[in-house]
Amino acid sequence: MGAHGRRGPKRGRRVIDATGLELVAWAVREAMGEGSVRQTVFFRDQATLDVRPDDVHNVLGFLRDAADECFDVLASLHGCDYFPAEPRLAVHYQLLSTERRERLGVRTRLTVEQAETGGVPTVCDLFPTANFQEKEVFDFFGVRFEGHEDLRRLHMPEDYEGHPQRRDFPMGGEPVLYTFNEHKVPRWYE
Amino acid sequence: MSSPGLDTPYRRREESVTLERLEAPLAGTQVEPDAELFTINMGPHHPATHGVLRLLVTLDGEVVRDVTPLVGYVHTGIEKSCEDQQYWKVITFVERMDYLSYYFNAYAFCAAVERLLDEQVPARAQYLRVAHMELNRIASHLFWLGTSALDLGAVTVLWWALRDRDMVLDLFEMSGGQRLHPRYFQVGGVIEDIPPGWARKCLDFVAQMRTRIDEYEALLNENQIFLERLRGVGIVSKERLKQLGVTGPLLRASGDPWDLRKTMPYSTYEDFDFRIPVGTVGDHYDRYRVRIAELRESLRIIEQAVEGMPEGPFITTNRKVALPPRHELATSMEALIHHFKLVTEGFRVPPGEAYEAIESPRGELGCFVVADGSSKPARVHMRDPSFINLQCLHDMAEDELIADLIAGIAMLDPILGGIDR
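Line by line, the protein sequences give chains Y and W.
When you number the first sequence by my numbering, it's gap-free, plus one each residue, and the end is 190.
When you number the second sequence by my numbering, it's gap-free, plus one each residue, and the end is 611.
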């Protein structure tokens, strides 16, 4: 009983378990080269591939189109900051196969420098849903997606400086900016 | 009509006032090279945008040629705030994201943390969660129904829907103490068992709601204005919707029976007998009918959950995660210590990350939690369905009339609190 007791392989449904994840990683390495998958993480029944930033587009394209994979939906794309670990920034892609009803996470880790110089390619051409979410990750973490046609701030004002979801960005105490006090509190976030 | 710029389909339509449907409707025609395009702002303060949504609309006469949603007007940095709160306090924050489906936000977060903790949730707690989530789905759909019908000019439905939504809020108040944002779900279960009389009242509501849905359908299903405004408008294919990541009633209305409650059951949804309504055309009318049908299915689930509610604890007995019951504090030193530790420091979660996706009234609601071993999460991200679904507004509204754009926003059911977070 309970949330985890009930979860488990159902008849006629292939679950990506620890072995299944290694098979996926093997297929990706076979197609993209040995160094493309840095690590596989299997934690609490959830599988994640850790891939090289340059290969993200190719790996996601492979997982979407290859005959054995068919992850047809990008359920979510989000950023994460693992500060103080290095490389500290990460972009997570949650893939979903509607045919097999299974999920696979793809994650890529980036240094701040890599992130700000466009070290990770956009996947908007593969999954149009990534458009807003890449903008959001750019806004909050400062990850520049190479090739994104309209990369600009989404939630924060366009003249905002800094990327607020980074772990070293201070929490709270942000003065409300009006036109009358704009010049008094420049770069207040430092 | 001699000057070339004036002989456009739009002008021709202007001059032919008729009640007949157009042979070749204006919508769907290509933009003419000499058309006079102009760009206007709709919102952020506009009653039809369901919140502070700003749309940059490029118009050719009354035809929408381009629409760009600009969001962020109610961005409050909840995800950032969550990183500074203990896990049990984060529930309060995430409930305020999508403010019409608070039980779903709380469930997604709690389930992600339970996965990280590898914590078992008692069956009774899961049944209580299912009952409350389905009640919340009904409340959310009723609010959508009322406001959408209002956008399309039907005022009565708003009063009726809000009247019935109040009955759901009464039930929430009875079980959780609050009408909105009750913080009823806890990591490991729910905060308190339902009070005596709740089940009876809930079943009464289910019985009453069935006739109320009949009344809504009698009002709207064959309403001429409603049909004219919705049928055949805003069709988007299911392939396109899947590319755009759109889920929930919008995807089901286009004929794809994808519902996480069935396809990847979480909580105890595999115990319940319910059906997934799907549309055939994928227009606004299907979106309306699918949601109304979902109301009936939710009622069935609530009935089964309340009647088949197993006995047992309503929250995990693991004292490292859940507060001990009040009476133990008077007799047990350990209980007092656990209580003190949980309230002051909170529980610690082993390092790891989890993505937990559930079916909210608007689609796939995913909660991504990263734990670093401390008592505060390192990252909480909500994959909010309103945010992703908003991307299909362009496909829905392009080359349609501006009045259909309003219908499109209504049928999209965006919650700006969830979009901006």
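No wet-lab data here; the hints were simulated from the structure.
Certain hints may be false.
[Stated by the list, open to error] Think about it this way: if two alpha-carbon atoms lie no more than 30 Å apart in a straight line, the pair counts; the simulated DSBU-like pairs of lysine-lysine are:
#1 Lys391(W) with Lys135(Y)
#2 Lys391(W) with Lys184(Y)
#3 Lys428(W) with Lys135(Y)
#4 Lys391(W) with Lys452(W)
#5 Lys135(Y) with Lys279(W)
#6 Lys566(W) with Lys531(W)
None of the values given here were measured: they were computed from a predicted structure.
Against the structure, the hints come out as follows:
1. Lys391(W) with Lys135(Y): Judged against 30 Å, a Cα distance of about 46 Å means the pair is violated.
2. Lys391(W) with Lys184(Y): violated (58 Å)
3. Lys428(W) with Lys135(Y): holds (24 Å)
4. Lys391(W) with Lys452(W): holds (28 Å)
5. Lys135(Y) with Lys279(W): Since the Cα atoms of Lys135(Y) and Lys279(W) sit roughly 29 Å apart, the hinted pair holds (cutoff 30 Å).
6. Lys566(W) with Lys531(W): With a Cα-Cα distance of about 14 Å, the restraint between Lys566(W) and Lys531(W) holds, given a limit of 30 Å.
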